[in-house]
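K.L.:
Sequence:
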Amino acid sequence: MPEALLLLQKYWKHESFRPPQEQIIQSVLEGNDTFALLPTGGGKSVCFQIPALLLNGICLVVSPLIALMKDQVQNLQSKNIKAIALTGGISQDEVIDILDNCQFGNYKFLYLSPERLQHDWIVDRLKQLPINLIAIDEAHCVSQWGHDFRPAYLKISQLKTTFPKTPFLALTATATKRVQKDICESLALENTKFFTKSFSRDNLAYHVIKTEDKLFKIQQILIKNPQPSIVYVRNRKACIETSQQLQQLGFTATFYHGGLPAKDREKNMQSWLENKAQVMVATNAFGMGIDKPDVKTVIHIQLPENIENYYQEAGRAGRNGEKAFAIILTNLGDIEYTKRQFIDVLPDKKFVREVYVKLNNFFQIAYGDGFNESFAFNLNQFCSHYNFPILKVFNALQFLDRQGVLTFQNESSEKMSLQFIIPSKEVLRYISLHPHDEAIITTILRTYSGIFDIETVINPHLVAKKANCSEANVVKVIEQLANNNCIALHAKNNDSAITFNEVREDDLTINRIAKFLEHQNQLKQDQFQSVIDYISNEDSCKNKLLLAYFDEITTTDCGICSYCITKKKQNPLATTDLILQLLQKGNLSSREIENSLQISAEATIFALQLLLEHNKIAINSYNQYYTL
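Sequential numbering from 1362 applies to the sequence shown in my numbering.
The hints are simulated quantities; they were obtained by calculation from the structure and are not laboratory data.
Computed from a prediction, not measured in an experiment: that's the story for all the values here.
Worth double-checking, as some hints may not be accurate.
Stated by the list, open to error - Here are the computed lysine-lysine pairs in the DSSO-like style, where the Cα-Cα straight-line distance is at most 30 Å:
#1 Lys-1558 x Lys-1371
#2 Lys-1653 x Lys-1571
#3 Lys-1431 x Lys-1653
#4 Lys-1624 x Lys-1786
#5 Lys-1526 x Lys-1719
#6 Lys-1526 x Lys-1542
#7 Lys-1516 x Lys-1711
#8 Lys-1575 x Lys-1653
#9 Lys-1575 x Lys-1637
#10 Lys-1700 x Lys-1719
#11 Lys-1719 x Lys-1571
To be verified - Label pairs and their in silico Cβ distance ranges:
#12 Lys-1684 x Asn-1645: 21 to 29 Å
#13 Gly-1920 x Arg-1952: 19 to 27 Å
#14 Gln-1883 x Gly-1947: 52 to 60 Å
#15 Ile-1815 x Leu-1941: 21 to 29 Å
#16 Glu-1913 x Asn-1829: 50 to 58 Å
All C-beta atoms in this analysis are idealised placements derived from N, C-alpha and C, irrespective of residue type, glycine included.
All chains should be built: construct the whole structure from the sequences, respecting the hints.
P.N.:
This is how it looks when you write it as structure tokens:
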């Protein structure tokens, strides 16, 4: 395929394809339905972008992630390749204009979310396009057994009827055998060609380290490995705090989370990409479309939700092929804490029904009414009104959204946000002049660390609860601070919007979707148990455990994970054999041996003493060891 290689060299500046990219492209060009399982960093996008450029017509790319769609469209446009995305939040007229452009404007790529396929008129318009390939990115979302199942993805199978002769390409980075089979059945793929790349990363050492002082451990790791690193945390508060703590310890660190303004996200990202900051502290919002080859360490200081997410995030280390580390730092309280965060907030059928009924009552929707009605929605206000736990309600609304019962547009990053623009001593002076406001201002300062440094999203309901006053009073004080030029304030009355996609039917609606809820909750519990099993297992190679999760069996230990290193330490004879093998390649100091084998100084010295005593090695005048 010389034409394909020329395109790769011209647009992507790569001299050759990575296995099995070329075979996937060939399969698509031959008109086959194709399934590609390529682990993170495997170059999935090239597999549909190159054949689409070689074929006449336009490639339809179905993707669940708006950020990823925008990133890929921008990338293609920067190469002067005509691409466009049909994302949410745009009017019907704009959608029509985009589809007109695709039909008459010689575009090569149209990206859209699976939810768009639920509109019959959009599918009718797609019929008019010369579609040469349909690529389904993040295809695990199709499977009810996948870690991010989205019912809207099931609509893609209808495209098979609409475009029976157009090849389908399903792409994913994480899928067990069970999920692979389910994807193919759900998409109605025919005579599918399968291409999978091993999940094994020979250069990536997976470590699980038990420690009560995680910050100290991070410090040790970053000193030992001063190259670019990512530290994953669970929430925005931890993101800012950990970044500040690392800065205080002398590291160049920045942070990234979904609530940051776009310009700050971009600035912090560039700082890290250009190696101005060694460490990126981030939530799971960071990572899509990020390809920095020289990341040395990826550290999780809180447990991931599932193995799939962990594998993808860990896989951002060592993409240049050099040895790298994926580390989970854990302590005794982590399992219980994460369980409360992920499992205890899963809504059951009774709770979802209660939220749905109360939501309809909240907006005064009568039984049999409500279809296509939209309302501004304040989540905090709703939860406060009915005394509901916020996170559990949020999960319930997300479930109803994914089932198509309603559309929940969460725009929490755009609610009330503020930043102090006067120094802390001036704040104290302000409080002395406004003593009645002291409780509220001090509560804000205690609750939101970093509020002097960056614009921070404020939850007035939470502040009111902590300060033992009304929410209206909190808002009044904040507005007064803004009027006195103490803070920069951006406020939006409603943080979300709700659109009802069905008429109100209460039990009929909930009973119809209840089985999906039970299935989803059980799946999440099973997936979290897999994480517990992974960190708790002290009798198996960590690489082996990860591969086994993805149905890939190996009989060989990796030799570089935390289990394997511990085993070497416990077996000095095994360590001596490894040292002898190493010294056969050249003379080395004890420090060089220690770093090469990733073992402790104590274990290295003990093994060297054994070898010296048995006349297996000697030491030269440069303090280097050599074999006899």
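K.L.:
Is the Cα-Cα distance between Lys-1526 and Lys-1719 30 Å or less?
P.N.:
violated (47 Å)
K.L.:
With the threshold set at 30 Å, check whether the alpha-carbon distance from Lys-1700 to Lys-1719 stays at or below it.
P.N.:
holds (27 Å)
K.L.:
Holds or violated: are the alpha carbons of Lys-1653 and Lys-1571 at most 30 Å from each other?
P.N.:
Satisfied, since the Cα-Cα distance of roughly 28 Å is no more than 30 Å.
K.L.:
Going straight from one Cα to the other, do Lys-1516 and Lys-1711 come out at no more than 30 Å?
P.N.:
holds (28 Å)
K.L.:
When you check the alpha-carbon spacing of Lys-1624 and Lys-1786, does it fall within 30 Å?
P.N.:
Roughly 29 Å between the alpha carbons, so the hint for Lys-1624 and Lys-1786 holds.
K.L.:
Just tell me: holds or violated, for the beta carbon distance of Lys-1684 and Asn-1645 against 21 to 29 Å?
P.N.:
holds (25 Å)
K.L.:
Please verify whether Lys-1575 and Lys-1653 have alpha carbons no more than 30 Å apart.
P.N.:
Judged against 30 Å, a Cα distance of about 25 Å means the pair holds.
K.L.:
Could you tell me whether the CB distance from Glu-1913 to Asn-1829 stays inside 50 to 58 Å?
P.N.:
holds (56 Å)
K.L.:
Within 30 Å, alpha carbon to alpha carbon, are Lys-1719 and Lys-1571?
P.N.:
Answer violated: Lys-1719 to Lys-1571 is near 44 Å, above 30 Å.
K.L.:
Quickly compare the C-alpha distance for Lys-1526 and Lys-1542 to 30 Å and report which way the hint goes.
P.N.:
holds (22 Å)
K.L.:
Hint says 52 to 60 Å; check whether the CB-CB distance for Gln-1883 and Gly-1947 agrees.
P.N.:
With a Cβ separation near 55 Å, Gln-1883 and Gly-1947 satisfy 52 to 60 Å, so the hint holds.
K.L.:
Between Gly-1920 and Arg-1952, does the beta-carbon spacing fit 19 to 27 Å?
P.N.:
Given about 20 Å between the Cβ atoms, the range holds.
Hint compliance for this structure: hints 5, 11 and 15 are broken, all remaining hints hold.
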